[in-house]
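K.L.:
Letter by letter, the chains look like this.
Protein chains: 2
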Amino acid sequence: MTDREPIEFYFDIISPYGYLASKQIELLAARNGRDVDWRPVLLGITVMKIMGMKPLREIPLKGDYLYHDAARTAAMLGIPFRHHGLKGINSIAAMRAFLWIKSFAPLTAVVFAKKMYERLWVRGEDITDPVASAEEAEKLGIEAAALLTAINSAAAKQALHDTVDAAVSKGVFGVPFFIADGESFWGGDRLPMLQHWLTYHSWSSE
Amino acid sequence: MTDREPIEFYFDIISPYGYLASKQIELLAARNGRDVDWRPVLLGITVMKIMGMKPLREIPLKGDYLYHDAARTAAMLGIPFRHHGLKGINSIAAMRAFLWIKSFAPLTAVVFAKKMYERLWVRGEDITDPVASAEEAEKLGIEAAALLTAINSAAAKQALHDTVDAAVSKGVFGVPFFIADGESFWGGDRLPMLQHWLTYHSWSSE
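Which chain is which? The protein sequence lines are A and B, in order. For the first sequence, position 90 (counting from the first letter as 1) is numbered 90 according to my numbering, and the numbering increases by one without interruption. For the second sequence, position 17 (counting from the first letter as 1) is numbered 223 according to my numbering, and the numbering increases by one without interruption.
It is possible that some hints are incorrect.
Each computed DSSO-like pair below joins lysine-lysine, with the alpha-carbon atoms no more than 27 Å apart [to be verified]:
| hint | chain 1 | residue 1 | chain 2 | residue 2 |
| --- | --- | --- | --- | --- |
| 1 | B | K260 | A | K54 |
| 2 | A | K54 | B | K255 |
| 3 | A | K54 | B | K376 |
| 4 | B | K260 | A | K49 |
| 5 | A | K49 | B | K255 |
| 6 | A | K23 | A | K170 |
| 7 | A | K170 | B | K260 |
| 8 | A | K115 | A | K157 |
| 9 | B | K320 | B | K345 |
| 10 | B | K293 | B | K376 |
| 11 | A | K49 | A | K157 |
| 12 | B | K260 | B | K345 |
| 13 | B | K321 | B | K345 |
| 14 | A | K114 | A | K170 |
| 15 | A | K157 | A | K87 |
| 16 | B | K363 | B | K260 |
| 17 | B | K376 | B | K345 |
Bear in mind the hints are in silico, worked out from the structure with no lab data behind them.
Given only the sequences and the hints, what does the whole structure look like? Please build it.
P.N.:
This is how it looks when you write it as structure tokens:
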């Protein structure tokens, strides 16, 4: 049995659905006696390209639906949320910063990820510039200059590259994505199914 | 108020998730005092093209995930299901037949759609040839020869074309898709959200 394995939570700060899931997964995990292992992916930059897909917002019909859906889902769950309207943002610096912090302070890294989510999806401020990551990290007691140096290093680039590769090799193709005891779940709307799996470790209805 | 409006259920016999939803939507509607209006769409032929998407099974990573996911969802819900493994199938004849039957016997048309779903997703038999539709319709008391003549008519072609167009103009981009009192829902995993909407007609959590 692997009952004590953490639930792998694949996230990207850039994804509104990743943000919404980040507000739900820890309670679900705790109820089941599990930890959550937060693992970054680069949704737009790497994953969608492998799949040959356009950014969701640019897909006719689906883009409009999802724009509305993220907001109503947040409202239904009582999660603070707003569409930021920013263009051309990316999460590379934020995800490198997350991995660097995780390497020496994993719990702080999770708080950092939450702060970055809040910055983008609650306050509507950009996350692209490394300075944004440095600002949020500094509030958690991490030296801004050290972070800025670290995330520009070849090691930080390689670490993120390897992490995204590892996710893709496990079949991760979207955000949020969860892996628990060998089963994969895509989308926050599948959290009840994840709960079913953690309870029964079976799909049979008999 | 439009509380008595039927729930629009957009389906395509070719979609396994459409099949799974077809086994759930009527009970949900009945619990809420609603009827279900079954409306055909041509997922692969029309909708995916508008969106610039490949068939799901051909998308790297996602295709494999969804193949497994349809089967586990069926098992979890206790719905008979098997992957048919057939290649090159399409549902044009079946959907024309559905619309034709609906034009004079709407309740029978729904039973016909269920029989076609069962044919493909339970028994694993092809549905492409018009004869398949004629066979299933005949069991419901509809003359096979009349059906075969009807679905080859220009009127039948036009009716399906117009129906799919109308769906797209309402923003339908996938299957299953539900519209209830102005709100759209994509995917069977959103049925709890549809229930929330039917109950509260609001997304606010306050």
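K.L.:
Would you mind marking each hint as holding or not holding in the structure?
P.N.:
Hints versus structure:
{"no.": "1", "hint": "B:K260 / A:K54", "verdict": "holds, 11 Å"}
{"no.": "2", "hint": "A:K54 / B:K255", "verdict": "holds, 13 Å"}
{"no.": "3", "hint": "A:K54 / B:K376", "verdict": "holds, 22 Å"}
{"no.": "4", "hint": "B:K260 / A:K49", "verdict": "holds, 13 Å"}
{"no.": "5", "hint": "A:K49 / B:K255", "verdict": "holds, 19 Å"}
{"no.": "6", "hint": "A:K23 / A:K170", "verdict": "holds, 24 Å"}
{"no.": "7", "hint": "A:K170 / B:K260", "verdict": "holds, 22 Å"}
{"no.": "8", "hint": "A:K115 / A:K157", "verdict": "holds, 22 Å"}
{"no.": "9", "hint": "B:K320 / B:K345", "verdict": "holds, 13 Å"}
{"no.": "10", "hint": "B:K293 / B:K376", "verdict": "violated, 30 Å"}
{"no.": "11", "hint": "A:K49 / A:K157", "verdict": "holds, 19 Å"}
{"no.": "12", "hint": "B:K260 / B:K345", "verdict": "violated, 36 Å"}
{"no.": "13", "hint": "B:K321 / B:K345", "verdict": "holds, 10 Å"}
{"no.": "14", "hint": "A:K114 / A:K170", "verdict": "holds, 24 Å"}
{"no.": "15", "hint": "A:K157 / A:K87", "verdict": "holds, 23 Å"}
{"no.": "16", "hint": "B:K363 / B:K260", "verdict": "holds, 24 Å"}
{"no.": "17", "hint": "B:K376 / B:K345", "verdict": "violated, 34 Å"}
When held up to the earlier numbered hints, the structure conflicts with 10, 12, 17 and fits the remainder.
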